Each structure stands twice: as structure tokens, then as C-alpha cells.
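Number of protein chains: 2
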Amino acid sequence: MRGEKGYQAGRVGRLIGASLGPGDPGWITRAAWDALENSPCWAWPVSRKNLEGYALAIAKRAGLQPPEGSLALDFPMVRDPARLASSWQAAAEAVIPRLRGGEDVAFLVEGDASFFATFGYLAQYVRALDPSIEIEVIPGVSSPNASAALAGIPLAEGEGSLAIHAAPSAVARLDQLLEMFQTVVLLKVRPVLDELIALLEQRALLERAIFVERVGAPEQRVVTDVSTLRGERVHYLSLLIIRSHPAQ
Amino acid sequence: MRGEKGYQAGRVGRLIGASLGPGDPGWITRAAWDALENSPCWAWPVSRKNLEGYALAIAKRAGLQPPEGSLALDFPMVRDPARLASSWQAAAEAVIPRLRGGEDVAFLVEGDASFFATFGYLAQYVRALDPSIEIEVIPGVSSPNASAALAGIPLAEGEGSLAIHAAPSAVARLDQLLEMFQTVVLLKVRPVLDELIALLEQRALLERAIFVERVGAPEQRVVTDVSTLRGERVHYLSLLIIRSHPAQ
Numbered sequence: 288m289r290g291e292k293g294y295q296a297g298r299v300g301r302l303i304g305a306s307l308g309p310g311d312p313g314w315i316t317r318a319a320w321d322a323l324e325n326s327p328c329w330a331w332p333v334s335r336k337n338l339e340g341y342a343l344a345i346a347k348r349a350g351l352q353p354p355e356g357s358l359a360l361d362f363p364m365v366r367d368p369a370r371l372a373s374s375w376q377a378a379a380e381a382v383i384p385r386l387r388g389g390e391d392v393a394f395l396v397e398g399d400a401s402f403f404a405t406f407g408y409l410a411q412y413v414r415a416l417d418p419s420i421e422i423e424v425i426p427g428v429s430s431p432n433a434s435a436a437l438a439g440i441p442l443a444e445g446e447g448s449l450a451i452h453a454a455p456s457a458v459a460r461l462d463q464l465l466e467m468f469q470t471v472v473l474l475k476v477r478p479v480l481d482e483l484i485a486l487l488e489q490r491a492l493l494e495r496a497i498f499v500e501r502v503g504a505p506e507q508r509v510v511t512d513v514s515t516l517r518g519e520r521v522h523y524l525s526l527l528i529i530r531s532h533p534a535q
Numbered sequence: 288m289r290g291e292k293g294y295q296a297g298r299v300g301r302l303i304g305a306s307l308g309p310g311d312p313g314w315i316t317r318a319a320w321d322a323l324e325n326s327p328c329w330a331w332p333v334s335r336k337n338l339e340g341y342a343l344a345i346a347k348r349a350g351l352q353p354p355e356g357s358l359a360l361d362f363p364m365v366r367d368p369a370r371l372a373s374s375w376q377a378a379a380e381a382v383i384p385r386l387r388g389g390e391d392v393a394f395l396v397e398g399d400a401s402f403f404a405t406f407g408y409l410a411q412y413v414r415a416l417d418p419s420i421e422i423e424v425i426p427g428v429s430s431p432n433a434s435a436a437l438a439g440i441p442l443a444e445g446e447g448s449l450a451i452h453a454a455p456s457a458v459a460r461l462d463q464l465l466e467m468f469q470t471v472v473l474l475k476v477r478p479v480l481d482e483l484i485a486l487l488e489q490r491a492l493l494e495r496a497i498f499v500e501r502v503g504a505p506e507q508r509v510v511t512d513v514s515t516l517r518g519e520r521v522h523y524l525s526l527l528i529i530r531s532h533p534a535q
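As you go down the protein sequences, you meet chains A and B in turn. Here the first sequence is numbered in this note's numbering, starting from 288 and rising by one per residue. Here the second sequence is numbered in this note's numbering, starting from 288 and rising by one per residue.
For the record, the hints were derived by calculation from the structure and aren't laboratory data. Misleading hints may appear alongside valid ones.
Any copy will do: because identical chains look the same in the list, a pair fits if it lies in one copy or spans two.
Straight-line C-alpha distance at most 20 Å; calculated SDA-like pairs for lysine to any residue [to be verified]:
{"#": "1", "residue 1": "K475", "residue 2": "D512"}
{"#": "2", "residue 1": "K475", "residue 2": "E444"}
{"#": "3", "residue 1": "K475", "residue 2": "G447"}
{"#": "4", "residue 1": "K347", "residue 2": "R366"}
{"#": "5", "residue 1": "K475", "residue 2": "E446"}
{"#": "6", "residue 1": "K347", "residue 2": "R317"}
As the structure is a prediction and not an experimental result, all values here were calculated from the model.
Hey, can you work out the whole structure from these sequences and the hints?
Okay, structure coming up:
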């Protein structure tokens, strides 16, 4: 089917944010699967540290291969706004000729495209360069939901509440988060993990915390005794779920 | 395949929380699809107001039909803890004979099983009655992610943060939520929608709010001018996304 449905002479292709879920190929939705099968061009983010790209690896684990001529786009894992802006600009410039040529481009997203993902930036730059291009987002399973499923715990129930926060900026307001929310999920914990373990221990909350790394990937790890992680350099894709006020 | 893979003489069946996403059958994951196809028994929640059940309707929209002898379980939409407890107990007692008979039971979940869902309660009651029963949770797309995809906005980016809160209990702390989080998602807004519109208007945040009702269902509605909803009785499954501090 590929290359037939996704291509039509005379029309402009769609840019599709195809959320693949956080790792397990079983978590790919039927809609994302169709987008992968029917788009004559894929694009996916790579970085110097991860030349294959985490999102492409998910598709490959599902048994799919990128169509010939697909695009590996350089998304460096840096914070420098100027470098980021120039890589998004370059990525947008790389996909636009394919879209203008009438091909749908499926951009592979690890997790969910609206949730701490780079797809939003790409879409913004594409829209700025060519507002006529249609952009579609296919939602996906996000890492907190997958991690909770794996750990067999709810994220929130009833009249409850859930905070999801990048860990480095959460440290200074951790008490407030723990007081206000039924569950607190901290993402990207690596740079502050030891600090978080100490803070949770002081508050006697360590046993209410669960650590999950690379959920759904072959290297996935769930750690219920979080104190054992002290001093360890964990993977970038790792999170803590803290059930501060579990429902009865 | 159904009834072969999912049944094995002499073993106890698994209770599977099959998250179907919030409405669009394309948002069903491949793993949930397999669970539906291979489980000889389905179970799904119904209430007096929704006799068919929202979750079953999603599976039917996907073209699937429940296996004969499947179980519609009464989950009344009430807050009375005693009535809730007795319905979960009855639900657990209804599925256990099937599990003990060696059948896998797929419990159909609207949205994601760990996210404001009733599956956790059912699992708890089943576990209490028979700790030997294996429980598996298949994660799914949740309504905030699907709503953001549809609206073409991110929920959170970069070092950002996201609060998800049942709306009635959020009203009293709305300022704090809006101040602390990049994005605030309020669920179950119906009983407090007028109040929320007034509060957002006073804070000049109305144009940063988007209303989404029954995302993914045929009756789905996205309203960007939220003020037009004043005085309207919206559906139970409706939410507001407020981008209080959108990233640059």
C-alpha cells in the first residue's frame, strides 16, 4: 500500500506526527500503524548520542522498515536556543520539499506528540515556512501511563489529581507538589536523582515512589526500592511516580 | 483465533485491563486489539444512564463484537462509597468464575486504565478475593493527549509541567495551578463550567483555554471560544486545556 495512499499528484502532502508510544511496539495505535504503512516518507529525530534514534527503533521492533529516501533529522540534545532553532529550521527545510512533492511525511514520535516531544517545534517551523501544509497529530500512549500500567498502580482516581513535571525544575517545589497532588510524576530524573532520593527519604515517602527507566524498551527497568539507585547514572528516559496521596 | 489463545485448560485466566483510548477506534493500540481478539470473554462497565457503555461502543466502532457470554458490569455513576464498594465486589464476583475456568477476561477501558479509570478498583477487588489471579494492564491513549493532538497544541514541552485535575476540586486552587504549571487540564468540568469561565475571564485567560467534549467519539466537539459555552449543560466527558505559560 505504501506510496499509493500517501501520494497524490498535484496535492501537497500532510505532515503527520505519528506517536508510537514510549517503547513497546504493542503500544503503537492502529492509526499510527496505518500512517507508517501508508506514508511514502518517514522522518525521525537522531542525535549524536543516538544515531539510530529512539523512535525509529520502536518502529523497527514492530517489524517495520523506513521507506527508501526517508529522513533522519538532526535534533541535538542541547539547551542552547540558537542551536535548537537552527536544527528545527533545517529539519523543516528538509521535509518541506517532500510535502510539496505530494508525499505524506510521517514524523516518528517516541511517546505522545503533545507530551514533552519535539514534534511541536517541527510543526511550528514547517507552518512558518508554509502555512498551507496540513499537519495532523496522531496521539499516543505516554510514558507515565505506560509506567503505571507496568507497575500496576493508578496515576489518578476519582476526584484526584496528577502533576507531571520535569524533575530538575520540580526539586525546589517538591513539597508543594506532594501536598497538592494525589500523584506526582517526575520526568528526566537523571541529573537530580540522588537529591530526589534524599528529599523523599526525609519525608518518609521513599516507599511510595517507583522508578521506571526506558518503559517498553527491551532494556526497561522498574525499581520499587528506589533507595538502591543512589549514586547510579540512570538513562535519560527515566521517571519517578510518587503516590503522595493514594485514594482509599 | 478467539477462544484458542485466550483459553487453556487447567490454568487460571488473566484479567486484562484493555485500554481502548478515549473514543476514536484508530487510537486502540495493537496490544489492546490483540487482547480483544484473543480473549474469550469481555467485560465492560455500564450504568443506568449508559446501558451500552462508552468503552464497548469504542470496540464496536472498531468493528469488533463481544464474544458470546461476555459480561456487562454495573458500575453506577454515584459517589456513595458503600454503593460503589458493593458494585465492585459484585463485578469481581462475576469475572472470577470465568478466570478460574481458564478464560482470559478483557475488561474494556475508555481511555487509559491507570488514568481516572475504574479498572483499578475492579483489579483491587479481584485481587482481594483471589490473589493468585494474574492481572495485566495494557496502557492506552488518555483524553488530554488526544484532545491536545486534535487541537494542535502541546500539553507540555522542554522543562515544563502539566497539572491534570478533576475540575470540581480544582476551582479553589485554580490560581495556584495556573501560576505553577505550563498547562492545566481540568477534567469533568460539567458541574463547574460556568464558574471556570468566569474565573478565566477575570484573569484574561479565556483565549488560552480550549474545551474538548467526547474526544474521538462521533459527537466530539472542540470549542476554542470557551465563552460561548456559558449556561450550557455539556457532556460528562469534557475537559478544558488551559495553556497558562506556553513555552516560547
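Homo-oligomer pair classification [G447, K475; C-alpha up to 20 Å]: between (24 Å within a copy, 11 Å between copies)
One pair to classify: K475 and D512, alpha carbons no more than 20 Å apart. Within, between, both, or neither? within (18 Å within a copy, 35 Å between copies)
My question is about K347 and R366: at a cut-off of 20 Å on alpha-carbon distance, are they close within one copy, between copies, both, or neither? Classified as neither: same-chain Cα gap 29 Å, cross-chain 46 Å, threshold 20 Å.
Up to 20 Å between alpha-carbons, please classify K347 paired with R317: within, between, both or neither. The answer is both: 16 Å in one copy and 15 Å across copies each meet 20 Å.
I want to check one pair: K475 and E444. Are their C-alpha atoms no more than 20 Å apart within a copy, between two copies, both, or neither? Answer is between; shortest inter-copy Cα gap is 12 Å, intra-copy 24 Å.
First find the shortest C-alpha distance between K475 and E446 inside one copy, then the shortest across copies, and answer within, between, both or neither for a cut-off of 20 Å. Between copies only: 9 Å across, 27 Å inside.
Hint 4 from the list above is the single one not met by this structure.
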